[in-house]
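When you get a sec, could you build the whole thing from the sequences and use the hints?
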Amino acid sequence: MPEKVIRSTFSAVPLRGGLAAQRVRRAWWMAAPMLLVLAAVGGWPLLRTIWLSLTDSELSRLDDYAFIGLENYIGEYGLLASADWWQAVANTLLFTGLSVSLETLLGLGVALLLNQPSRLRTLLRAALLVPWAIPTVVSAKMWSWMLHDQFGIVNHQLLALGLIATPLAWTADPQLALFSIVLVDVWKATPYMALLILAALQMVPVDCYEAARVDGVPRWQVFRRVTLPLILPGILVAVVFRTLDALRVFDLIYVMTSNSRDTQSMSVFVREQLIDFGLVGYGSAAASCLFFMVALLSIVAMGLMRKTFERAAA
Amino acid sequence: MSGLTEAREAPAASPRRQAPGRRRFPRGRIGYWAASLLFVFVSVFPLLYALSSSFKQGAGLFSPTLWPAAPTLANYSGVFAEQPFAQNLLNSLLVAGCVVALSLGLSLMAAWAFGRVQFRGRGLLLMLILSASMLPQVAVLSGMFELVRFFGLYDSLGALVIADLVLTLPFTVWVLVTFVRQLPKELEEAAAMDGVGVLTLVFRVFMPLLWPAMVATGLLAFIAAWNEFLFALTFTLSTEARTVPVAIALISTASGFELPWGRIMAASVIVTLPLVALVVVFQRRIVAGLSAGAVKG
Chain A
1 MPEKVIRSTF SAVPLRGGLA AQRVRRAWWM AAPMLLVLAA VGGWPLLRTI
51 WLSLTDSELS RLDDYAFIGL ENYIGEYGLL ASADWWQAVA NTLLFTGLSV
101 SLETLLGLGV ALLLNQPSRL RTLLRAALLV PWAIPTVVSA KMWSWMLHDQ
151 FGIVNHQLLA LGLIATPLAW TADPQLALFS IVLVDVWKAT PYMALLILAA
201 LQMVPVDCYE AARVDGVPRW QVFRRVTLPL ILPGILVAVV FRTLDALRVF
251 DLIYVMTSNS RDTQSMSVFV REQLIDFGLV GYGSAAASCL FFMVALLSIV
301 AMGLMRKTFE RAAA
Chain B
1001 MSGLTEAREA PAASPRRQAP GRRRFPRGRI GYWAASLLFV FVSVFPLLYA
1051 LSSSFKQGAG LFSPTLWPAA PTLANYSGVF AEQPFAQNLL NSLLVAGCVV
1101 ALSLGLSLMA AWAFGRVQFR GRGLLLMLIL SASMLPQVAV LSGMFELVRF
1151 FGLYDSLGAL VIADLVLTLP FTVWVLVTFV RQLPKELEEA AAMDGVGVLT
1201 LVFRVFMPLL WPAMVATGLL AFIAAWNEFL FALTFTLSTE ARTVPVAIAL
1251 ISTASGFELP WGRIMAASVI VTLPLVALVV VFQRRIVAGL SAGAVKG
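Taken in order, these protein sequences are the chains called A and B.
Take the first sequence: its letters are residues 1 to 314, numbered as in this note's numbering.
Take the second sequence: its letters are residues 1001 to 1297, numbered as in this note's numbering.
Keep in mind the hints are simulated off the structure, nothing from the lab.
Because the structure is a prediction, the values reported are computed rather than measured.
Each statement offered as a hint is correct.
With the C-beta cut set under 7 Å, the calculated list includes, among others, these residues of chain A facing chain B:
| # | residue |
| --- | --- |
| 1 | Leu46 |
| 2 | Arg48 |
| 3 | Leu129 |
Residues from chain A that face chain B, not an exhaustive set, calculated with beta carbons under 7 Å:
| # | residue |
| --- | --- |
| 4 | Met34 |
| 5 | Pro45 |
| 6 | Leu52 |
| 7 | Leu120 |
| 8 | Pro131 |
| 9 | Phe151 |
| 10 | His156 |
| 11 | Leu195 |
| 12 | Leu244 |
| 13 | Arg248 |
| 14 | Phe250 |
| 15 | Val255 |
| 16 | Ile275 |
Glycine included, C-beta positions come from ideal geometry on N, C-alpha and C.
Shown next, in the form of structure tokens:
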């Protein structure tokens, strides 16, 4: 290969004709392995799931199925007629709404704490990362033990303080179980929220604060009128990420309350149908519903974020 | 946790009265310290309590004191004796290691293409990759199950490596692209002068320069694969093929009535302490990696 060609392959100045084309071809070759793998482990299984949702496939006879159209969705025994499915949808939405709003508020508080210059900062950041790094299964088990109805430390302390008269069945009581799950999720996911909000906080230019300080604006006003509008796009991104994550919750609920109807999320419902009951077609229909819901929400969120960013930039 | 909101208002309350710096300082500080200590306590306590419970046995488990009355290592030896827990640990390590190596290698090559070259469809592809990270795991479950069976990988670690890539690849690509973009373009020109190929450039020039970003991204991928539960639960059957999260979730007693909490806490501590150590040591890099992935999104 002539040296001139090689040099132009890397050069950053705009190129004409064949040389630019060659660089683009190389880019495709370099991206191809990753794109192929991602298509094989992401795209293809997703398409198969959607296709299987239109069939009567079962786990015991995977290769022998028939196309049945939308029967799994709108048939007499379809998803939309299933009370269990709607219960799972309601559980998921309640879980998502509660945990994401609590995590946003607490995350903002923690981010403001971490944004203060102090000797405590390293300790705080380390403490912040502890719940985040603990595997979800482990945190579910740790909290199940702490919330144990007879021997748990939470009931013990609440009884000792006289806040409750009898031990509460935190994970067995259908009224309480979902809130216990939300509590554990808040403990585990607030750090992530706080880190993202902190990243936004640290991008607020210092002169904004300086100017406000010189003008003698009270600090609360500074927060409301300067800081909050500036970090709002960052918070929004964090909220969207967490919401999409919370909608597919599985580990926490499965480990804390297994397949119980009262707390079952959409993901838990899907796995129960697919694996425990072996109804691949029906389970895939539920999985597809969850996918379309998440996809729709992402599209709406992206549109919304673009608007906010444009307003923030203007 | 109401102390956190107090901290926000505490510094705000005093300057409104335009108090001189000397007076408002301690009040804000007290709120700050109180909120910080509460926060550290809430974050760390469950782990401490698990640690304490892991040294208790029998009736000792039923008294919720933090310091065990008769500390014992029986839970730790029991975890390894009653099930192939060492094998489970090794499985997790192997799966996470392979996933990290594959994700980083594939993403670094792609990061050059996406970060350095303007080509048609680049923005759209990046958007698609980002949306792949939003994919619910159960949405690929039945398709992945077929794939795993097709390759004859059911109940083996290979199945988990393949499956976990769908979780790690989107964000490793995304994070590395942002870092590759920040490298000076003179590097490429110098490399071109020496007549090196793209692969050499990426793995011999970029990789050593990007090692902080690689460490951060690699750690995030490692944690994701180490913690993964749904695929591991679904694609393995035998206790020997399980990874650690599945092993912990399924620990039970022979009678099946009450869970062996001491054993479960011991296993939890074994799995968690290395992660916590890694995270505390690399905290700066992890925070940088996490926010690099999100701020661009």
